[in-house]
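A.B. asks: Spelled out, the chains give:
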Amino acid sequence: MAAVRHSLAVDLEGVRFPLPVLAASGCFPAGREHAGLIDVHRLGGVVTRSLTYGPSKGAPTPRVAETPSGIVTSVGAQNAGVREFLVEELPRLAKTGVPVVASIAGSTMEEYLRVASALQSEPGIVALEVYLSARDREHDDLPFYARRDVMADVVGSVSRLSSYPVFAKLPAFVPDVVEAARACVRAGAHGLTLIDAVPAMAIDTRTLRPRLGSALGGLSGPAIKPIAVGAVFRVARALPDVPIMGVGGISTAEDAVEFLLAGAWAVQVGTAALVDPSAPAAIAQGVLGYLKERGFASPADLRHRLRLDPEALA
Amino acid sequence: MAAVRHSLAVDLEGVRFPLPVLAASGCFPAGREHAGLIDVHRLGGVVTRSLTYGPSKGAPTPRVAETPSGIVTSVGAQNAGVREFLVEELPRLAKTGVPVVASIAGSTMEEYLRVASALQSEPGIVALEVYLSARDREHDDLPFYARRDVMADVVGSVSRLSSYPVFAKLPAFVPDVVEAARACVRAGAHGLTLIDAVPAMAIDTRTLRPRLGSALGGLSGPAIKPIAVGAVFRVARALPDVPIMGVGGISTAEDAVEFLLAGAWAVQVGTAALVDPSAPAAIAQGVLGYLKERGFASPADLRHRLRLDPEALA
Amino acid sequence: MRRVRAEILNTRKLGAYHSLTLVAPEIAERARPGQFVSVAMPADRRFVLRRHFSIHQASRRGGWAGTLEFVFDPRGPGTDWLAESKAHQFLDVIGPLGKAFAYPRRLGNCLLVSEEHGSAPIYFLAQELRARGKRVDLIVGASSEDHVFNPIEAKRLSQQIAIVTADGSLGERGRVEDVLVGMLDATGAEVVYAAGSRRMLRAVAELCIERRLPAQVAVEEQMACGLGICQTCVIPVIRKDGSGYDNLRVCADGPVFNPARIFWDRWMGDEPRTLSTPPEGFPVVSAWPR
Amino acid sequence: MRRVRAEILNTRKLGAYHSLTLVAPEIAERARPGQFVSVAMPADRRFVLRRHFSIHQASRRGGWAGTLEFVFDPRGPGTDWLAESKAHQFLDVIGPLGKAFAYPRRLGNCLLVSEEHGSAPIYFLAQELRARGKRVDLIVGASSEDHVFNPIEAKRLSQQIAIVTADGSLGERGRVEDVLVGMLDATGAEVVYAAGSRRMLRAVAELCIERRLPAQVAVEEQMACGLGICQTCVIPVIRKDGSGYDNLRVCADGPVFNPARIFWDRWMGDEPRTLSTPPEGFPVVSAWPR
Ligand SMILES: Cc1cc2nc3c(=O)[nH]c(=O)nc-3n(C[C@H](O)[C@H](O)[C@H](O)COP(=O)(O)OP(=O)(O)OC[C@H]3O[C@@H](n4cnc5c(N)ncnc54)[C@H](O)[C@@H]3O)c2cc1C
Ligand SMILES: Cc1cc2nc3c(=O)[nH]c(=O)nc-3n(C[C@H](O)[C@H](O)[C@H](O)COP(=O)(O)OP(=O)(O)OC[C@H]3O[C@@H](n4cnc5c(N)ncnc54)[C@H](O)[C@@H]3O)c2cc1C
Ligand SMILES: Cc1cc2nc3c(=O)[nH]c(=O)nc-3n(C[C@H](O)[C@H](O)[C@H](O)COP(=O)(O)O)c2cc1C
Ligand SMILES: Cc1cc2nc3c(=O)[nH]c(=O)nc-3n(C[C@H](O)[C@H](O)[C@H](O)COP(=O)(O)O)c2cc1C
Ligand code: FES
Ligand code: FES
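Chains as they are written, first to last, in our numbering: chain W, -15 to 298; chain D, -15 to 298; chain X, 703 to 992; chain H, 703 to 992.
Since the hints were derived computationally from the structure, they do not count as laboratory data.
Hints are not guaranteed to be accurate.
[As the list claims (entries may be wrong)] So these bits of chain X aren't anywhere near chain D, every CB distance computed over 10 Å:
1) R752
2) P776
3) G876
[Said to hold, decoys possible] Below, a list of computed lysine to aspartate or glutamate pairs in the DMTMM-like style, where the Cα atoms sit at most 20 Å apart:
4) K41(D) <-> D(-5)(D)
5) K41(D) <-> D188(W)
6) K276(W) <-> E73(D)
7) K788(H) <-> D955(X)
8) K41(D) <-> D948(X)
9) K857(X) <-> E830(X)
10) K41(D) <-> D967(X)
11) K41(W) <-> D943(H)
12) K788(X) <-> D943(H)
13) K41(D) <-> E830(X)
14) K276(D) <-> D188(W)
Positions of the beta carbon are idealized from the N, C-alpha and C atoms, including for glycine.
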């Protein structure tokens, strides 16, 4: 085999990450205290926890329950608000040089726009990710993604307002994830993040109570990997030119390769990074090993390599 | 404690099962060869595999792949057609006296109606279950559930045509499962079955192929239990008078109790019954043990026992 | 089929293979070559499905009466777990499952062809055929020496034997197909049995069709239940009357099939096609002596 | 915090409890009472999360230098798995995590209150307080005798001790709260430390507030990461200026808190309320000697 120059860098139509593995939203240590556990230079990038405009206290506890190969969590977007983020967290992150994707949330369209405005022209930020599972106070508290037009409206408005490329973070929980993705792209999304945690619940049969304080939460971890891979595959086939970040249940390099083969341009690691903050770096390293062993030049190279029988999807 | 007469029987607004645990669609042995492995008298009932009008060859192989705490399958509704079922399978089932729920499928609205007609007034059948994940040939091959009006139309038409009570089998994969459930009930569904396998995919990173012949399949097994419990809980709270059969990842009596606490009137066991056909009977037995130990009189008793903090769902 | 809690009597390593011998008289009494068992994995792991293994040995008489042996090479989470199991542990086993190889009533000379772990059921068959006074010859193929399953046993069981490895580390270098014609001619085979890769089984099928030799092959397909319930394990089999094909269950209608009736093109998907294949309505070899 | 592959040096049973002693000098050197470790579960099971245990013992000197001990009662899949672990196995451990108990600078008499496995960090604290010349008295509560953690050690560590079990199988029958006032008076306690159920911690809090005694309690909350990342483990803590409360992370901001600042009503949800609770803006005990 001719000497191939392997590169782990990925280019999502202008949004560049030095490695194809990012820490997913809500799963990256923001504090000073983790210096010893992670080396941000071995990360493709960091997606911040979803930021609201004002501080938010979040959901009642307990906020996590373990289920077969997964966890159900409900943090309720606890965060100190976008201003606190800009003062306390971003400067520290920006100094390390790691590309930052800022995740924005809101309970009204207006809040999304206020958060997006507050983040304008901040050094370090390379893109926005729009969290669409937040509840829409103006529409019966349904999640924004539940109404395609409302969702597209949020994504479109943020895209028009912001100078950053915007990734819409879609749950797989829409009857036609392809149509949902298309609506976001038409509205102006630069790319897509697939998928968010899946609505779920766990009950303690001993105490007769929900295992989470908020009863309902989101399922993440290895259990949801097949759901996420399926969503990425379907959207990538329909929208091959739209950059996709794949997320959901990735805990090994093989898992990441599965997503890249399914059509993801980069991947994010959530739950696995909570349990082991060095996991994203180790996964990126493992992807490099896979590329080398199989003679692929780059993560992007995998995007068109899935071998499909003619009969599949018939 | 006063002596409680424990009964495992459940009454789903007129549809009676002697035990609260049924074998789920596609997961009950139809053949003679299983006599030694199961005792149908320890089953609440049997949901048949989904029947189409004519015979269907089903999906290409491989049809199953194991994933963390789950399996992804795609059988593609292989079945010999409703007539063959009536001649070959139903008489044998009816003779045992086990309540039979006939699952019906179609690739057009018309096919659903033809299958439902063929099943009219057959001894042994106590209800129909409408499989809504089939692809609608008249609407871009999208699953029937993907368009709420189309779905309601199918459920409504079958309900009007058939003299059996009709259960609509909903996937959790709709942005608002409560609205979907409501639409089915408004259209005439007697009850609901929640949930179907979740759209998913697995890829073999060694061969660079999807692990299923049809690429996409459905995720079932313990991995999806929290998703199913969440869907049952949400629908049961919104529609407390509508009978719900809960299904998804049940493999122990505790799992079944979780569903009953979430609001299910009965449960179905799929994947766990494939691996161990006696599982539904063992689970029913375990539910009895739980009721006795905790002093509950019947499975229905659990339906209103979930203890919710006032703050949950706020 | 029976479901039993079977104690592991003995574990041993044979080259790349692990062998487990279980105490399971209810299954052993009924087991015939070609049939398989289904083994539950521990419930506290991520496993959901049982794993399936051909029965390699089932003793009805003697010191080992009531025991059952199966053989595997560790290559995934399930077989890795089994490879760690120890004597006196218990396994949850269902069996015997599936249809066995049929023994030829009139014909005498049997050529048995196996690859990798396909040798497990084939050696069992060899023994039963010899007990019925048939001449048995063997072709055993593998990737390399350590994957040639129990060559000593193979030699003991066969009149004539050809061992073939892909890397030439034992026997001839090459594939089973390379020696097939030669062995057919040399042994005067009247019946052929085979278990191994789809590629090899198809080559056997083509040759037997050409020569109008009756044959039976044991196939494998991904199984969810192994019990005939779920229809995940199907293989396209051409109808006797040639009017089309049906997707039959490997676990309940097989795993042993007449290779001439397998609709190879469909089954092998887009794997390399080296041979022409029977169209629908293909005239099947119906000479099988039942 | 450090992450190490730690060898299990020793395992032992103490009543209902299992104790694991690890070789983990990087962690042991830094460990202080109240801090905890996070232990990875095997990747091949259904587990997703690490499990968290208070450090019971960390030896910096002597024959056990560089070792670390934690203690648990098997009561779920994670602790069941750990209970089966053997000496010379390796565990993936992160620690020390969280904020430790602070030692009183001026005050002398310390009453330590523990329930069930809460005794693990409390005995460690007792030892460190004694080493600093403080008087230590203990109240140890449990459901029954075998759940009274290491009573012999408890007696060795304390000047005066009250053991209370719910079923009366060891010490007095009842709850820790029943002997609290008596012990406070009898020992002349100037500072109170506690670890155990929320109910008990709240009773301690109420009493200490009433008597204006400085106190520290170690709390537990379901944790996903244990590392301060995810904010699943929060507890409502009233601000120093009384202007409201913040949800602080038990794993990073705790697990040791000033009980007077915990917003008990919020934290305990709808569990039975036996005591009045501080409103927002509650005047906190700020007398803690730091
Ligand atoms: C009828 C029959 C008889 C068999 N006999 C033997 C035998 O004697 N010795 C032996 O080593 N192997 C045998 N196999 C193959 C064996 O069942 C699988 O290789 C094994 O289950 C793999 O499990 P795993 O967890 O180690 O690997 P994985 O590859 O991780 O298995 C993952 C999943 O794929 C399934 N699977 C993987 N490969 C196969 C396959 N070839 N056929 C069916 N399912 C598969 C597994 O059951 C499991 O559900 C037989 C298969 C069948 C169908
Ligand atoms: C700071 C801290 C220190 C602890 N110290 C000890 C100790 O020294 N000895 C001891 O026996 N236990 C201790 N615990 C509790 C212990 O972590 C859990 O009981 C244990 O993880 C249960 O795991 P499991 O799989 O056996 O049980 P399961 O109940 O099945 O656990 C399921 C999930 O719930 C979580 N969980 C269950 N109970 C608790 C709890 N009380 N607190 C936090 N998470 C919980 C587990 O981590 C796991 O994610 C401590 C907990 C915390 C937060
Ligand atoms: C504790 C926790 C907090 C999370 N917080 C956020 C968040 O603030 N915003 C968001 O978009 N996703 C959030 N997520 C979802 C993850 O970013 C990710 O989409 C999901 O967990 C699936 O990936 P995983 O299986 O790798 O965890 C959170 C997930 C977890 C487990
Ligand atoms: C092999 C297999 C075949 C199935 N076939 C059908 C079917 O024909 N009709 C249907 O409505 N559901 C079918 N299902 C879905 C199950 O009935 C059930 O809804 C789903 O598997 C979730 O439950 P479980 O986790 O207990 O398996 C099938 C599931 C499996 C695993
Ligand atoms: S594996 Fe289920 S029918 Fe064969
Ligand atoms: S457990 Fe994650 S922040 Fe405390």
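A.B. asks: Compare the structure with each hint and give your call.
C.D. replies: Tested hints:
Residue-level check failed: R752(X) sits 6 Å from the nearest beta carbon of chain D, not beyond 10 Å. Distance check on P776(X): its Cβ is at least 16 Å (rounded) from any Cβ of chain D, clearing the 10 Å threshold; non-interface status holds. Every Cβ of chain D is farther than 10 Å from the Cβ of G876(X); the closest lies at roughly 24 Å, confirming the non-interface assignment. At roughly 36 Å between alpha-carbon atoms, K41(D) and D(-5)(D) are farther apart than 20 Å, so this suggested pair is violated.
A distance of roughly 42 Å separates the Cα atoms of K41(D) and D188(W); the hinted pair therefore is violated under the 20 Å criterion. Using a Cα cut-off of 20 Å, the hinted pair K276(W) and E73(D) is violated, with the two alpha carbons roughly 54 Å apart. With a C-alpha separation of about 47 Å, the suggested pair K788(H) and D955(X) falls outside the 20 Å cut-off, and the hint is violated. Between K41(D) and D948(X) the alpha-carbon distance is near 7 Å, which keeps this suggested pair within the 20 Å criterion.
A C-alpha spacing of about 15 Å is found between K857(X) and E830(X), which places the hinted pair at or below 20 Å, so the restraint holds. Taking the CA atoms of K41(D) and D967(X), the gap is about 16 Å. The hint holds against a cut of 20 Å. A hinted pair counts as satisfied when its Cα atoms are at most 20 Å apart, and K41(W) with D943(H) qualifies at roughly 18 Å. With a C-alpha separation of about 64 Å, the suggested pair K788(X) and D943(H) falls outside the 20 Å cut-off, and the hint is violated.
Between K41(D) and E830(X) the CA atoms are separated by roughly 36 Å; this puts the pair beyond 20 Å, and the hint is violated. Between K276(D) and D188(W) the CA atoms are separated by roughly 17 Å; this keeps the pair inside 20 Å, and the hint holds.
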